[in-house]
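*Asks:* Chains as they are written, first to last, in the numbering used here: chain A, 1 to 271; chain B, 1 to 353.
Note that these hints are calculated values from the structure, not bench results. This structure is a prediction, so every number in the text was calculated from the model and none was measured. C-beta: ideal position from N, C-alpha, C; glycine also. A hint or two may mislead.
Some chain A residues close to chain B (C-beta under 8 Å, calculated; not the full set) [unchecked claim]:
no.	residue
1	Pro-62
2	Glu-121
3	Phe-128
4	Ala-129
Per the computed footprint, the stretches of chain B lying under chain A, defined by three or more beta-carbons under 8 Å from a beta-carbon of chain A, are [claimed, not checked]:
no.	region
5	79-89
6	230-240
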Amino acid sequence: MDVDRIAASNGRAKRPEDGSSPHTVDPVIELEDVTFAYGDTVAVRDVSLTVEAGDFLGLVGPNGSGKTTLLHLMLGLHTPDEGTVRLFDRPIDEVDDGSRIGYVSQQATNRGGTMPVTVRECVTMGRFAHVGHGRLGEADRRAIANAMETVGIVDLADRLMNQLSGGQRQRAYIARALASEADLLALDEPTVGVDAESRDAFYALLDRLNDDGITIVLIEHDIGVVTDRADHVACINTELYHHGDTESFVESDALADAYGATGQVVHHHHP
Amino acid sequence: MSGGESTAASGDATGSTRDRRRIVELSGVAVTALLAAAMIGFVLLYWAQDLPVAGGLYAGFRSLGRGMDAAFGTNVFRHPFMWQSMATGVLIGVVAPLVGVFLVHREMALIGETLAHTAFAGVALGFLVNAVTGWDGPLLLIALVVGIVGALGVQWLTERTDAYGDVPIAIMLSGSFAVGTLIVSYGRGLTGIAIEGYLFGNLGVVTVEGARLMAGLSVVVVVAVAATYKQMLFITFDEQAARVAQLNVTGYNTLLVVLTAVVVVGAMQVLGVILVAAMLVVPVAAASQIARSFRETTYLSVIFGQLSVIGGFAVAIGGELPSGGSIVVVAIAIYLLAVAASGFSVRAISAHG
Numbered sequence: 001m002d003v004d005r006i007a008a009s010n011g012r013a014k015r016p017e018d019g020s021s022p023h024t025v026d027p028v029i030e031l032e033d034v035t036f037a038y039g040d041t042v043a044v045r046d047v048s049l050t051v052e053a054g055d056f057l058g059l060v061g062p063n064g065s066g067k068t069t070l071l072h073l074m075l076g077l078h079t080p081d082e083g084t085v086r087l088f089d090r091p092i093d094e095v096d097d098g099s100r101i102g103y104v105s106q107q108a109t110n111r112g113g114t115m116p117v118t119v120r121e122c123v124t125m126g127r128f129a130h131v132g133h134g135r136l137g138e139a140d141r142r143a144i145a146n147a148m149e150t151v152g153i154v155d156l157a158d159r160l161m162n163q164l165s166g167g168q169r170q171r172a173y174i175a176r177a178l179a180s181e182a183d184l185l186a187l188d189e190p191t192v193g194v195d196a197e198s199r200d201a202f203y204a205l206l207d208r209l210n211d212d213g214i215t216i217v218l219i220e221h222d223i224g225v226v227t228d229r230a231d232h233v234a235c236i237n238t239e240l241y242h243h244g245d246t247e248s249f250v251e252s253d254a255l256a257d258a259y260g261a262t263g264q265v266v267h268h269h270h271p
Numbered sequence: 001m002s003g004g005e006s007t008a009a010s011g012d013a014t015g016s017t018r019d020r021r022r023i024v025e026l027s028g029v030a031v032t033a034l035l036a037a038a039m040i041g042f043v044l045l046y047w048a049q050d051l052p053v054a055g056g057l058y059a060g061f062r063s064l065g066r067g068m069d070a071a072f073g074t075n076v077f078r079h080p081f082m083w084q085s086m087a088t089g090v091l092i093g094v095v096a097p098l099v100g101v102f103l104v105h106r107e108m109a110l111i112g113e114t115l116a117h118t119a120f121a122g123v124a125l126g127f128l129v130n131a132v133t134g135w136d137g138p139l140l141l142i143a144l145v146v147g148i149v150g151a152l153g154v155q156w157l158t159e160r161t162d163a164y165g166d167v168p169i170a171i172m173l174s175g176s177f178a179v180g181t182l183i184v185s186y187g188r189g190l191t192g193i194a195i196e197g198y199l200f201g202n203l204g205v206v207t208v209e210g211a212r213l214m215a216g217l218s219v220v221v222v223v224a225v226a227a228t229y230k231q232m233l234f235i236t237f238d239e240q241a242a243r244v245a246q247l248n249v250t251g252y253n254t255l256l257v258v259l260t261a262v263v264v265v266g267a268m269q270v271l272g273v274i275l276v277a278a279m280l281v282v283p284v285a286a287a288s289q290i291a292r293s294f295r296e297t298t299y300l301s302v303i304f305g306q307l308s309v310i311g312g313f314a315v316a317i318g319g320e321l322p323s324g325g326s327i328v329v330v331a332i333a334i335y336l337l338a339v340a341a342s343g344f345s346v347r348a349i350s351a352h353g
């Protein structure tokens, strides 16, 4: 692992003042002793961590370390075998307001590359949790227009998703989350296959949204991006090796420990 | 309407091209809706022909049919049973693509084929029950029940095995057909079973009850899809995100396979067990080639489905050929035209996911 690079980014971490400021008690996600296995293969063991409102949490770890599984546990896509998950201060299975969570999955798990769906149709899906079986109203249309404006895809509104570049497509998914007026944004390796320039623009956008108060949980394989952008880092390899502000992560040995433990790496499932 | 036209033109011109395209599509959908409503009207009139007002209207319909026969030089439209078949066909042309548009983009195209084979086992079972008990129950109703049970079975299997792998679907497909052949062969000793009509599709197979069932089922399917279009679209496009948005994904998936079973049972009278899946898939594949949004895909699928049915009927009546094969061949001709129209830029629908 590129430890030099992390050392180099030491001190450049965003909002270092966060490290010294006391945590306000406003948890968005709370995991307590969470364990989850696919059959006999344990993917996440005994993880406890809290994400607070306004946090920008980077989730790092080697391939097959259970990052995606942990994110799925946070969002209720998996039910833990042991331990508890609370979202928005409620037990996860009682959370019914899906509009508060914006989820950008790995590119491979959705049909953005094949199905004939326009950017506008994709962003409109963000309002479906609000309107149920009813019709979209004026407020919904305004939220959709604002979301497309924020991420800069107004001129792409009538284009098909499968004709966009990777970066444009990911911005459309972000717009979908913004249209739903989500206050929690969960992203699973959103910039795989996106060119470097669009990646920078994409992460600048995430920074701006975070500054506006949106809580962000980001899985990213590029540690440099995480230490540059996130204000908290959780480093996992089945077990949680470190969770804290970015500075403490950079100073710790968590990364070397977690990546050094790849000998016991569990097989990574993509359900 | 080629892409070249719109890139060369100014913003205004592309806008008006899009508007014209939209008008053509919406009128196509409107004509289809009117036709479907007229056909449901005929089925209802036939049912109510002994009532005073309906009787007069029904007589008017019959004379319209005789007039059409005279105009086309055919011996088709004067017969009420032909209208039953045509009504069934027109309704299939609406509901099959409407359900298929979600199935195709979920890479579940083969589920229609599977449920058709399950429904075939249902028809065979119905023949057997009727022969053994002497009870004259409607075959299609039994097929519908067996088809829905099969749909829930497929859903149950896919939820508990690898997500939407095609293995449970293949097992269900061959398994239910195997059961069907066993029942047919066992029952042949008891009755002279005329099951070929259900295998290959035949205009003559459509009964009065069959047409009524199709009319009822069509209303159910159209209402259900219209009410859940948004949720179905979201789940089809990004199932995980839909789950995170707290949509009842399992519930909508179940609804979709049950609707598929309903469409398949209605459609197998005219198309036959073996060909019924084509109407779920081919018009949608054609529409996906040239559509510029998902809503447009839905509209075009229904329009192409309707053109296939009407064209197929024309071929079947003109050439005295089976209706199922004729409809599917016309549908595939439309698909090839759509591929050509999209400049041979074949966008694989399910080649990669």
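*Asks:* Can you name, in rising order, the numbers of the hints this structure does not satisfy?
*Replies:* Of the numbered hints, 1, 5 do not hold.
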